[in-house]
Amino acid sequence: MPHVLFFSRNRSTSVEHIDESSVKACCRLQDSLMDAFVEILVKLPDLELAEVRPEVYRSDRAILPDAIESLRKAIGIRIGPGLVKIMKGLVGDRENLGELLNMLDECCQGVILSFTKDALAKAPEDRRKAKEYYAQLVKENVRLYDSCIAFAPDSPLVEGIKPPVT
Amino acid sequence: MLTFMRNKVVGIERRDEDTLQAYGVLEDDIYAVELDVSIGLSDMVIRSIEGRFKRWTTPECPKAIPVLQQAVGFCALEEGFSQKVHKSIGRKGCRHFANLLVECCATAEQAANLIRGGKPKKIPAESKSSGGRTQKKAERHSEKSLGKKTEAHAEDRGGVLIDLHVHTYPASPCSVARVEDVILEAKRIGLDGVCLTDHNYIWDKARVDELRRKHDFLILRGNEITTDQGDMLVFGLERPIQGIIKLDELRILVSEAEGFIIAAHPFRGFLLFGSGQLGLTPEKAMERPLFKKVEGVEVLNSKVTEKENRFAAEVAKGTGLAGTGGSDAHQVSDVGLYATRFFSKIRNEKELIDALRGGRYEAVAFKKQTDML
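Those sequence lines, one after another, are chains C and Z. For the record, in the first sequence the residue sitting at position 38 is 53 according to my numbering, with numbers rising by one throughout. For the record, in the second sequence the residue sitting at position 265 is 304 according to my numbering, with numbers rising by one throughout.
So that you can see chain C by itself, here it is in the shape it has in the complex (with noise of 0.2 angstroms):
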């Protein structure tokens, strides 16, 4: 068969750090199929979504009015653990709504990275020093500890710290 791709997605998410009190995320989802945009404003310090807009430009899939109006529901809630949880609650998991509430969860992780980014951005380039400085980031936080690879049990990243829970 030729090369050719049947299908593509684009995706892209972007976080804008307006001011003081306030953050812009958005998300532009462009595939063979649908071609939609989600973005939100979300309110420090709480990480409050303060405002959610869907827009949904061209779609071989059903979406009602009521479905991108229902999206909406998320506003008030709050950027944390638990979030797809809840904004599936609220908002609902219609088969319709799935890509939409998939493009808020991203811009909601996007703020997040925003943030992790300047954690990450300080560690020293030093690996001895930068060592000491992920081992004293699990230190503090005890869910960082097995997050991932990098963090699991047997990595020198952890190596001497006690597990969290004994």
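Rather than coming from a laboratory, the hints here were simulated on the basis of the structure. Glycine is no exception: its CB is placed at the ideal position from the N, C-alpha and C atoms.
Label-pair distances were calculated between CB atoms; the ranges are:
1. Z:Gly359 to C:Asp75: 47 to 57 angstroms
2. Z:Gly112 to C:Glu147: 38 to 48 angstroms
3. C:Lys88 to Z:Ser294: 20 to 30 angstroms
4. Z:Lys346 to C:Glu84: 31 to 41 angstroms
5. C:Gly107 to Z:His125: 13 to 23 angstroms
Start from chain C and add chain Z according to the hints.
Relative to chain C, chain Z alone:
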């Protein structure tokens, strides 16, 4: 100026009659990863995966590449596929690989639907076990023997020590601790009681009474309910709550049931940054509407950082709400890490609620060493 950007590109090629080949790229400010995933068209099962890091952060990250093989054999149509990938590839390997793998499979699924003429292929969901999620009429049982024992302990140690936040399996699928093991551990370490607070699950009262008698130990029932304002520990509510409920609605139900509601781990934050970086102060946090709707705040919880516990304690103090402690145990060894010391007799759920209302208790680091108290 943008502070963060992530681009994901996935292309799907129909390699042969029954093979979809996905090539995906994820590039953001932190990582750049690539995946080649081969997926069966007829069954949507992952047949092979190859992954590459282009940019990464820690020296350990590249070890995530072999972990990708754990997803070979996963079916993209399976219920809970995304969670399964995040749990196996994300937690055991790299979250960015997990994110891209889910994207590749979701895109392949769309392509497969197109090939099938727009009809999504469905795999029947496995029948869910009800797991005893039932509400039964409360029955009165004698607690004489238990009462005497609890009182004796209370006198010895200046109060009744109860772990107010415990999850058991299978009532909480995220837990690995079986209730019998939780009870044995609680007795072994010297707690006076445990409160079973499984997620959106109401323990059958007769079953709990049976466990009490069998182990001659104080076992109480609560419930951890997810609301739009976070998780709440609820006591005295017999009505089952499924899914997510608005805190306002839960507050009404709890009031009607004459129960008690506590904000569980209210400042559980993120992996690499805390509320401090966001500019959240205890004073600002006290303004959150949720603190006007709850009656207590969990100020000691073993699944959050000590900073987060201290922050919760400051907010509890500032709002005049009582602070409780609970391990949030999900495995047996967690039981009793934190607990609540009550300065009154607790022999049953009514006395627990009365005690919580009375406010004569304190959060304690029972098993966990901490500099907080």
